[in-house]
Amino acid sequence: MADVILQVEKLSTGYGEVQILWEVSIQAKRGQLTTIIGSNGSGKTTLLRAITGIIPAWSGRIIFNGEDITNVPAYKRADMGLIMVPEGRMLFPEMTVYENLEMGAYNKRARQKIKESLEFVLHLFPRLKERLNQKAGTMSGGEQQMVALGRGLMGCPELLILDEPSLGLAPKLVLDVFDVVKKLREEGITMLLVEQNVHLSLMLTDWAYVMAEGRVVMEGSGEELEKSDEVRKAYLGI
Amino acid sequence: MDAWVSAILSGVLLGLAYGLAAIGLNLIWGVMKVINLSHGAFIALGMFAAYFVFHSFGISPFVSVILILALGVVVGMLAYFVALHRVISAPELSTLLSTYSLSLIIIGLGTFVFTTNPRAIDVGLGSIKLFGAYIPASKVLTGLYSLIFTAALYVFLFKTWTGKAIRAVSMNMTAAQFMGVNTTFILSLSFGIGIALAMVAGALIASVFPFTILSGGIYELKSFVICVLGGLGSPLGALAGGLLLGLLENVLTLKMPVGYVPFIEFLILVVILLVKPSGLLGKE
Ligand SMILES: Nc1ncnc2c1ncn2[C@@H]1O[C@H](COP(=O)(O)OP(=O)(O)OP(=O)(O)O)[C@@H](O)[C@H]1O
Ligand SMILES: [Mg+2]
Chain A
1 MADVILQVEK LSTGYGEVQI LWEVSIQAKR GQLTTIIGSN GSGKTTLLRA
51 ITGIIPAWSG RIIFNGEDIT NVPAYKRADM GLIMVPEGRM LFPEMTVYEN
101 LEMGAYNKRA RQKIKESLEF VLHLFPRLKE RLNQKAGTMS GGEQQMVALG
151 RGLMGCPELL ILDEPSLGLA PKLVLDVFDV VKKLREEGIT MLLVEQNVHL
201 SLMLTDWAYV MAEGRVVMEG SGEELEKSDE VRKAYLGI
Chain B
239 MDAWVSAILS GVLLGLAYGL AAIGLNLIWG VMKVINLSHG AFIALGMFAA
289 YFVFHSFGIS PFVSVILILA LGVVVGMLAY FVALHRVISA PELSTLLSTY
339 SLSLIIIGLG TFVFTTNPRA IDVGLGSIKL FGAYIPASKV LTGLYSLIFT
389 AALYVFLFKT WTGKAIRAVS MNMTAAQFMG VNTTFILSLS FGIGIALAMV
439 AGALIASVFP FTILSGGIYE LKSFVICVLG GLGSPLGALA GGLLLGLLEN
489 VLTLKMPVGY VPFIEFLILV VILLVKPSGL LGKE
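As given, the protein sequences belong to chains A and B, one line each in that order. The opening residue of the first sequence carries number 1 in the numbering used here; numbering runs sequentially from there. The opening residue of the second sequence carries number 239 in the numbering used here; numbering runs sequentially from there.
Hints may contain errors.
Chain B is faced by these chain A residues, among others (derived, beta-carbon under 7 Å) [as the list claims (entries may be wrong)]:
| id | residue |
| --- | --- |
| 1 | ALA74 |
| 2 | TYR75 |
| 3 | ALA78 |
| 4 | ASP79 |
| 5 | MET84 |
| 6 | MET90 |
| 7 | GLU94 |
| 8 | MET103 |
| 9 | TYR106 |
| 10 | PHE120 |
Capping the alpha-carbon separation at 25 Å, the derived lysine-lysine pairs in BS3-like fashion look like this [claimed, not checked]:
| id | chain 1 | residue 1 | chain 2 | residue 2 |
| --- | --- | --- | --- | --- |
| 11 | B | LYS271 | A | LYS129 |
| 12 | B | LYS397 | A | LYS113 |
| 13 | A | LYS29 | A | LYS182 |
| 14 | A | LYS76 | A | LYS129 |
| 15 | A | LYS182 | A | LYS115 |
| 16 | A | LYS108 | B | LYS397 |
| 17 | A | LYS113 | A | LYS135 |
| 18 | A | LYS115 | A | LYS172 |
| 19 | A | LYS227 | A | LYS182 |
| 20 | A | LYS183 | A | LYS172 |
| 21 | A | LYS182 | A | LYS135 |
| 22 | B | LYS493 | A | LYS135 |
| 23 | A | LYS113 | A | LYS172 |
| 24 | A | LYS182 | A | LYS129 |
| 25 | B | LYS493 | A | LYS115 |
| 26 | A | LYS135 | B | LYS271 |
| 27 | A | LYS182 | A | LYS172 |
| 28 | A | LYS183 | A | LYS129 |
| 29 | B | LYS271 | B | LYS514 |
| 30 | A | LYS76 | B | LYS397 |
| 31 | A | LYS129 | A | LYS115 |
Everything labelled a hint here was simulated from the structure, so no lab data went into it. Every residue, glycine too, gets a C-beta built ideally from N, C-alpha and C.
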């Protein structure tokens, strides 16, 4: 059995007075792809924000690589290898593609390996090579997603968290993104993926969680969930 | 003819110093989304720091300015934690009030300690003949130093990890956090650098013009006009805006009394805000 890299235990949190997550427990195992699906507003992004430390946990624990990081500030979590590719890409629009990738390697561990990482990223996304000096804000949605993924990979992730990487992309580009996720999985990169493309992600994933109204309502292997009546009805429209 | 050459040269040289102060204001806005109403007070503080060092130790402002830069960073970072850290994510009114109170405190204490008597620093470097006009050497050095400090800031922002982190925070603070940037440190450092630039500009200008503890207000107004000319959030625009304002005020005073300058500056501010709120040279 693979070892657990991320363990979220009974996590509750929210914004201001409004509670969004109710005792959510999930785990991600090293070398595996773990997926979270759930309808809009079910709290997936909120869960990822708590995991990365952008918002504080109200109760519960987050354990990463055997360490309790519940109260560790966000920037130190990146130093530990907890790397986020956020929803909506969040590139630095006035920076060039190269500078965006460089910022990806800002954390302490990644700085030493910046050359190798860049080589890996440009090998994965050869199209970025000619675009290195272009301002990121002027790129198309698909290109921006490549930069966002590349920037995440530059961080030497122990766990790469992807929040809806295919959101807003044309169908062909959605397939490209899943292709990349597949490749990264084959490279042995541990990932936690949040996706709306339930069918595509369940086909790839090792383990999946279903969230609804701020709770985990179901979990299982990709195959199991794809066969389940509830998932088919709610998310696959069958 | 000489009067024109001299006015244009003065305009460029002083414009660079005004630009430097404005870049500080601009940086604070760009990174923190804070309008720093204490900018003028810190400009005046820089003037008095230069004055004090000059009269106590006989050290020229063109040497002590390095010290004042370092002092400004430290003071600015402290001021951030005292006055801004707790209200940084509150609505803009809170940070406005907070920097305004900072200004009141500095000017209040400054008036008590230094009184409002005018002071001057006479570095005694004489004049330099440039294009047929005699320009005070202190003015030439002021322009030159401002240019060097601006270039140094540019190199810092574009070539160092910390500088890049400052730019990243100004573009997307959450994303910068995801990259491992300690945003609290970057915010305080940005305020520190902004304040340091204000104090350095003050120290340089003090070698050219007499001043009181209240003089900062005039230069703060210039900084705002420059930012509006150059577009908030663009350091090079601020430099261009500084040149434009420096030229304007020096050429205009050939034809009209100096006392009209603040009025004209204020007019420029209002007209541009009405016509093109993103700044004359700014983007949409
Ligand atoms: N910054 C915020 N302040 C207040 N409420 C928020 C904030 N962000 C999200 N919410 C609320 O929290 C709930 C969960 O939102 P969240 O973004 O986590 O959902 P999600 O599962 O990621 O949805 P989507 O699939 O649309 O991205 C929603 O009801 C949303 O309105
Ligand atoms: Mg979301």
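Outcome of the hint check:
no.	hint	result
1	ALA74	holds, 5 Å
2	TYR75	holds, 5 Å
3	ALA78	holds, 3 Å
4	ASP79	holds, 5 Å
5	MET84	holds, 4 Å
6	MET90	holds, 4 Å
7	GLU94	holds, 6 Å
8	MET103	holds, 5 Å
9	TYR106	holds, 4 Å
10	PHE120	violated, 18 Å
11	LYS271/B - LYS129/A	violated, 34 Å
12	LYS397/B - LYS113/A	holds, 18 Å
13	LYS29/A - LYS182/A	holds, 16 Å
14	LYS76/A - LYS129/A	violated, 30 Å
15	LYS182/A - LYS115/A	holds, 23 Å
16	LYS108/A - LYS397/B	holds, 17 Å
17	LYS113/A - LYS135/A	holds, 24 Å
18	LYS115/A - LYS172/A	violated, 31 Å
19	LYS227/A - LYS182/A	holds, 21 Å
20	LYS183/A - LYS172/A	holds, 17 Å
21	LYS182/A - LYS135/A	violated, 28 Å
22	LYS493/B - LYS135/A	violated, 45 Å
23	LYS113/A - LYS172/A	violated, 32 Å
24	LYS182/A - LYS129/A	holds, 22 Å
25	LYS493/B - LYS115/A	violated, 60 Å
26	LYS135/A - LYS271/B	holds, 22 Å
27	LYS182/A - LYS172/A	holds, 15 Å
28	LYS183/A - LYS129/A	holds, 19 Å
29	LYS271/B - LYS514/B	holds, 20 Å
30	LYS76/A - LYS397/B	holds, 23 Å
31	LYS129/A - LYS115/A	holds, 14 Å
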